[in-house]
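Order-wise, the sequence lines are chains P and Y.
Read left to right, the first sequence gives residues 1 to 738 (this note's numbering).
Read left to right, the second sequence gives residues 1 to 738 (this note's numbering).
These are computed hints drawn from the structure, not numbers from a lab.
Hints are supplied without guarantee of correctness; some may be wrong.
Note: identical chains are not told apart, hence a pair may lie in one copy or across any two.
[As the list claims (entries may be wrong)] Here are the simulated BS3-like pairs of lysine-lysine, each with C-alpha atoms no more than 30 Å apart in a straight line:
| id | residue 1 | residue 2 |
| --- | --- | --- |
| 1 | Lys358 | Lys296 |
| 2 | Lys208 | Lys362 |
| 3 | Lys60 | Lys575 |
| 4 | Lys368 | Lys62 |
Here are the chains, one letter per residue:
There are 2 protein chains.
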Amino acid sequence: MSQDDISLQPFLNSCESSTNILDSSEETMLEFGQYDDFHTIDWVRDISRDRLRHKQISRKSKESCWDLIKGTHDAWSGWLCVLFVGMAAGLFAGIVDIGASWMSDLKEGICPEAFWLNKEQCCWGSNDTTFDDRSCSQWLTWSQLFGIHSENAGTYILDYIIYVLWALSFSMIAVFLVRTLAPYACGSGIPEIKTILSGFIIRGYLGKWTLIIKSVCMMLAVSAGLSLGKEGPLVHVACCIGNFFSYLFPKYGRNEAKKREILSAASAAGVSVAFGAPIGGVLFSLEEVSYYFPLKTMWRSFFCALVAAFILRSINPFGNSHLVKFYVEYNTPWFFFELLPFILLGVFGGLYGAFFNKFNLKWCRFRKKSRMGLFPIAEVMIVTFVTALLAFPNPYTRENTSILIQRLFKDCGPVDDSDLCDYNATYAPNLNNRRNPYGEAGTGVQNAMWQLFLALILKGILTIFTFGMKVPAGLFIPSMAVGAIAGRLIGTGVEQLAYNFPDWILFDEACAGGQRCVTPGLYAMVGAAAALGGVTRMTVSLVVIMFELTGGLQYIIPIMAAVMTSKWVGDAFGKEGIYDAHIHLNGYPFLDAKEEFKHTTIAADIMRPRRGDPPLVVIEQDNMTVEELETLLQEDDYNGFPVVVSKETQLLVGFVLRRDLSHALDEARKAQDGVVSNSRVYFTTHVPGPLDVGPKPLKLKKMLDQSPFTITDQTPMEVVIDMFRKLGLRQCLVTHKG
Amino acid sequence: MSQDDISLQPFLNSCESSTNILDSSEETMLEFGQYDDFHTIDWVRDISRDRLRHKQISRKSKESCWDLIKGTHDAWSGWLCVLFVGMAAGLFAGIVDIGASWMSDLKEGICPEAFWLNKEQCCWGSNDTTFDDRSCSQWLTWSQLFGIHSENAGTYILDYIIYVLWALSFSMIAVFLVRTLAPYACGSGIPEIKTILSGFIIRGYLGKWTLIIKSVCMMLAVSAGLSLGKEGPLVHVACCIGNFFSYLFPKYGRNEAKKREILSAASAAGVSVAFGAPIGGVLFSLEEVSYYFPLKTMWRSFFCALVAAFILRSINPFGNSHLVKFYVEYNTPWFFFELLPFILLGVFGGLYGAFFNKFNLKWCRFRKKSRMGLFPIAEVMIVTFVTALLAFPNPYTRENTSILIQRLFKDCGPVDDSDLCDYNATYAPNLNNRRNPYGEAGTGVQNAMWQLFLALILKGILTIFTFGMKVPAGLFIPSMAVGAIAGRLIGTGVEQLAYNFPDWILFDEACAGGQRCVTPGLYAMVGAAAALGGVTRMTVSLVVIMFELTGGLQYIIPIMAAVMTSKWVGDAFGKEGIYDAHIHLNGYPFLDAKEEFKHTTIAADIMRPRRGDPPLVVIEQDNMTVEELETLLQEDDYNGFPVVVSKETQLLVGFVLRRDLSHALDEARKAQDGVVSNSRVYFTTHVPGPLDVGPKPLKLKKMLDQSPFTITDQTPMEVVIDMFRKLGLRQCLVTHKG
């Protein structure tokens with residue numbers, strides 16, 4: 001069709017005359033471009049539709065002032081839309097952060113004077129001089145609230161039971177809400193968003209209900225103490241917000257390809273608020289989730305991510321003017337010899353990733369096949385029960401995972417008297433007689449190491465069963481926790497080695513004279529990056545996220561060494577990251593831009609019909625009747641049909657979509673006089689006049705796509721796949737000598 | 001051709017039998033894939049060639065251990081190559097930094113005790129307690145060296161003359177070296193690198209001589225005090241290094257498309273060392289220069305950029321453990337009301353960018369057309385003379401531009417007693433009785449403002465004449481300097497306003513009670529970003545570079561606001577950044593991926609031959625003789641010819657490249673017996689046996705590309721351009737009904 005003929009009349013001017021019917025029905029289709037659920041969109045078509053719309057508007061805008069305003073609004077609507085998305089994403093993240101932290105603390109106790117404060121905020125209000133980060137007099141555990149102030153086995157068990165009960169009730173509400181109101185709100189959402197951004201339609205996946213329920217259930221699931229994070233679901237929530245706002249701007253809401261630009265920006269904003277890393281968010285969107293990412297989208301994504309971060313910082317959910325709980329700043333350098341343990345951590349991360357991916361997939365497949373999938377509520381309850389039961393006794397698993405990560409990342413300072421920093425150290429006179437946090441490990445550190453080791457095993461195993469349940473569940477935080485624990489363990493080990501053998505050849509220069517040369521917190525951070533890299537196989541974006549978390553360029557090299565090692569080790573056991581694996585598990589169609597294809601086939605080998613099959617169904621351009629076409633539509637379920645000059649010569653004229661054809665035939669039957677079963681259908685410009693005897697002909701030339709993508713049957717498959725990937729084709733016709 | 005037939009035999013096994021000739025000649029072509037100078041490469045072809053090579057190697061690697069090692073080496077060679085490139089780029093940058101700083105100071109004086117030290121290093125060695133950053137007793141100006149220690153007009157004039165003479169001699173050496181040894185070493189190189197990365201061949205542009213001469217002349221040109229920077233040329237130098245190392249790895253050296261992956265990584269490394277911004281470098285490579293940027297390249301670019309930064313940090317050219325002279329860290333927050341002056345700075349930056357681009361282009365066009373272009377040495381000498389003459393009297397233009405930028409970015413501290421920080425301030429008791437650098441502007445600040453204003457005008461105008469001369473010349477530093485001066489001026493103005501009217505509604509909250517609320521250094525940084533954005537129209541990468549320079553997330557919002565405003569204001573006057581404008585000026589073929597095309601044409605309108613022209617030259621698949629083909633090659637200068645079944649039916653069979661065809665015919669004439677002028681040429685598999693009378697047929701089936709890209713004549717132009725852009729096509733055949 002000559003696309004300039006289509007005017008942008010609103011949908012309302014419906015059928016008036018017989019020729020108009022086809023025009024307007026075609027417009028409808030072009031204007032709304034609705035796709036069926038679980039179908040793939042046609043990028044080329046959508047993008048050229050948008051170009052056409054743009055052209056129309058800029059032509060019109062010269063006509064009147066109002067049109068000029070409309071044109072300007074149209075040009076700015078992309079920026080406006082991402083501004084709104086960023087603001088809303090920041091707002092939602094702030095609410096979720098505050099809510100999750102309050103509800104997490106609710107499991108352990110309450111602030112009786114102001115029940116809406118979490119433990120930390122509650123303790124700020126108190127005037128205790130003896131405040132350490134474990135307790136304060138304003139904050140009461142449940143047993144204390146009930147008037148039991150002695151610390152014995154009884155109060156412990158009471159607190160234990162209350163903890164488990166809260167966990168169970170949180171997760172019950174969460175899974176119940178998900179089950180009844182928004183089935184799509186479960187999981188991390190990133191595999192599905194990847195699929196959606198690659199051009200697939202899943203109706204309702206980014207809907208309003210999903211948004212609300214996922215936000216609420218995310219808080220509940222995190223508070224229930226399950227081994228999951230809210231970072232992945234935040235990306236999903238941000239995309240829901242993006243989808244919501246895109247409907248306010250018809251330019252995006254009505255064009256699936258354009259809408260994906262907003263969704264890319266939204267996913268950047270999601271990562272930005274999840275980790276306080278706007279640049280990392282943009283790179284995540286580029287590297288991990290997006291499919292079509294023009295530079296304009298990149299710039300908007302950046303803007304969106306920054307606005308979201310700015311709003312979240314204004315909300316200041318953690319009271320530390322940083323966007324995430326586990327933001328750190330180190331002041332100590334790292335030494336060259338430390339690359340060895342860092343690479344070891346990378347190996348650990350890769351192995352853990354491979355282990356996790358394998359068993360999680362096995363478990364998910366088992367859930368899908370067995371009868372277990374029928375009892376999601378029971379499953380969630382059991383996992384919550386086991387998690388709460390095992391987590392409470394260990395102080396490192398009892399607390400919120402992001403607090404754990406914060407604790408592990410933090411360097412031991414002179415005033416830190418937690419177990420992790422309990423060194424048998426001399427009191428240094430140059431530190432105002434405070435403890436010098438470097439020395440032989442005290443009993444506290446030894447205890448902490450054992451507890452951390454148990455926490456490592458617990459988290460590592462529980463996450464396998466948790467990810468994939470019917471609650472919102474992100475992977476980032478548990479993976480990072482596992483890596484951070486491993487890192488802290490190795491880091492403390494290296495530190496003790498360096499303390500005890502400062503003159504060993506490896507430590508020679510850096511640690512000579514008993515100088516402090518190892519920062520266990522940095523090892524935790526490197527380990528976290530390695531484990532996350534092993535599970536997701538992210539690379540650049542992960543390093544940048546970590547860089548933004550530490551706020552120092554100097555730690556990029558250790559992190560990168562670990563992440564690269566982790567990716568290579570992980571790839572040795574299986575190429576797929578967990579998200580891609582889940583995409584395949586769920587059977588979504590996804591053409592991975594990263595995979596290398598090693599086909600030696602040519603197009604002729606894989607095209608349909610195969611050699612020897614019955615010949616391809618084709619439509620002749622001027623020789624078929626309405627009835628014949630209808631039969632054809634009923635008999636075959638191809639998405640479209642090539643139109644040829646005649647069956648004998650098989651010269652390709654164009655391509656007609658199944659949807660368009662059946663729609664047009666229906667409309668014609670209903671409204672166009674004289675169209676009967678044996679009316680001829682013409683796909684040519686030249687239609688024989690009404691002089692002919694016989695029923696009135698039906699002209700469908702406009703419907704014909706005269707420029708289908710064609711390749712010859714000798715084209716190598718790699719080129720074909722490249723075409724599909726880069727141009728976002730839906731179909732491609734294979735020709736042999738025309 | 002069925003590509004599997006081609007084996008990767010080395011070039012040596014040349015012609016043995018008559019059939020082998022064509023095979024081996026074809027291999028040669030496929031193996032080396034040489035393109036002519038000033039030609040465009042064929043991405044699709046090169047990439048599928050690499051895939052084929054990869055397949056061969058992985059097939060072979062199963063055969064023997066040696067092949068396995070070779071295969072592993074091949075797989076790792078990309079990483080190895082970027083490792084070398086990064087290391088070399090860091091090394092070169094370090095040398096250039098040290099050399100330029102030494103030679104710059106040489107204009108003013110010398111360190112007699114250790115002439116190889118620059119001023120700063122020289123003064124470190126001195127024990128002066130009265131050291132300020134202007135002078136120290138170890139460092140002697142030339143007049144002091146000659147024994148004149150009184151400060152009067154005579155010594156001033158002596159220093160002045162020596163300054164000008166040094167400048168002239170530096171620039172003379174630079175332009176002379178460029179003219180005689182490496183004509184491509186002039187300019188910034190970024191426009192050409194953009195063109196090369198988009199798939200154009202410019203032989204020698206990235207050669208060894210260019211590398212050496214550009215590095216040396218870069219130092220000389222910077223030291224001559226010309227209004228130019230070494231940051232752009234550093235990108236060119238890094239690309240030369242990339243080109244050099246790619247020849248060590250045949251995988252990259254012999255495949256132009258693959259080589260561009262290394263070049264993309266190299267350009268990231270170049271920016272990384274120029275600004276100490278590895279992430280910014282990768283984004284620069286992605287946003288500004290690269291054309292084909294798969295994710296694997298991104299990861300390698302990141303690695304390369306990091307290695308380069310790491311090496312440069314180890315060299316530590318500035319002695320401050322930072323990669324660039326003008327690295328800063330602010331500790332003061334910014335306030336919301338300041339967005340207004342920041343946006344003003346954005347407007348300034350956009351206007352300056354538009355002004356600069358317009359006049360620089362006019363001047364370059366004038367240079368090209370007029371006779372002035374014939375005297376490049378004289379031009380450089382005159383500009384140097386004028387620059388030196390005008391720059392010496394003003395302390396802000398006399399010094400190296402990057403030191404100026406550093407000075408402007410820096411915040412006034414209590415111990416800073418330079419002019420810029422000369423406030424009439426009370427001595428604050430809480431600052432150990434040091435000066436509180438906030439108060440009414442003293443005479444020093446007022447002086448400095450005037451001098452900076454003059455420097456702004458001088459730099460703004462001189463850069464127009466400098467950029468485009470026959471010396472290595474980058475734009476980043478002078479543009480940033482102009483912006484930084486403007487920013488500092490506005491910043492100081494706002495600061496004085498806030499000091500004098502602290503209760504004004506705008507300042508109300510932030511500056512109440514005479515509190516310090518404005519950081520002029522931050523304004524300088526925002527201004528620098530805005531001006532650079534206006535000139536180059538970079539966006540994300542610029543913000544990220546600035547972010548890495550300041551090391552703080554909190555200043556991203558001001559910088560982004562300014563850069564966005566600057567881009568929009570600049571775009572209102574002309575869409576092109578300076579690099580794109582220079583690409584057009586030099587007439588390089590460059591298909592900009594960012595431009596939006598507004599064609600309403602379809603392929604039929606622009607294809608060749610146009611309607612009404614003589615018919616397209618085609619080759620019949622089995623009906624032409626050698627002579628006919630030779631005539632055809634002589635008469636027409638198309639790059640290739642479509643092969644059809646016969647002239648009557650015009651059914652497309654394939655496409656043959658002019659180069660291949662003429663090569664094959666020559667070879668056949670020379671070596672294949674029985675090929676005479678009227679031998680028939682067959683592009684089909686089935687060749688009539690030698691039973692026929694007449695000369696021996698020539699089989700060229702293997703040469704035929706049986707899968708040319710085809711589109712129909714009704715395809716909209718946008719889709720065609722998309723195809724060319726995204727797939728990197730060289731040609732595309734337009735078909736009408738086959």
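message: Within a copy, between copies, both or neither: which one fits Lys60 and Lys575 at a CA-CA cutoff of 30 Å?
response: between (52 Å within a copy, 22 Å between copies)
message: As a check of your reading, is Lys368 near Lys62 (CA-CA no more than 30 Å) within one copy, between copies, both or neither?
response: neither (58 Å within a copy, 39 Å between copies)
Intra- versus inter-copy proximity for Lys362 and Lys208 (alpha-carbon distance at most 30 Å): neither (32 Å within a copy, 55 Å between copies)
- request: Check Lys358 against Lys296 for me: Cα-Cα at most 30 Å, and say if that holds within a copy, between copies, both or neither.
  value: Answer is between; shortest inter-copy Cα gap is 25 Å, intra-copy 38 Å.
In summary, the numbered hints that this structure violates are 2, 4.
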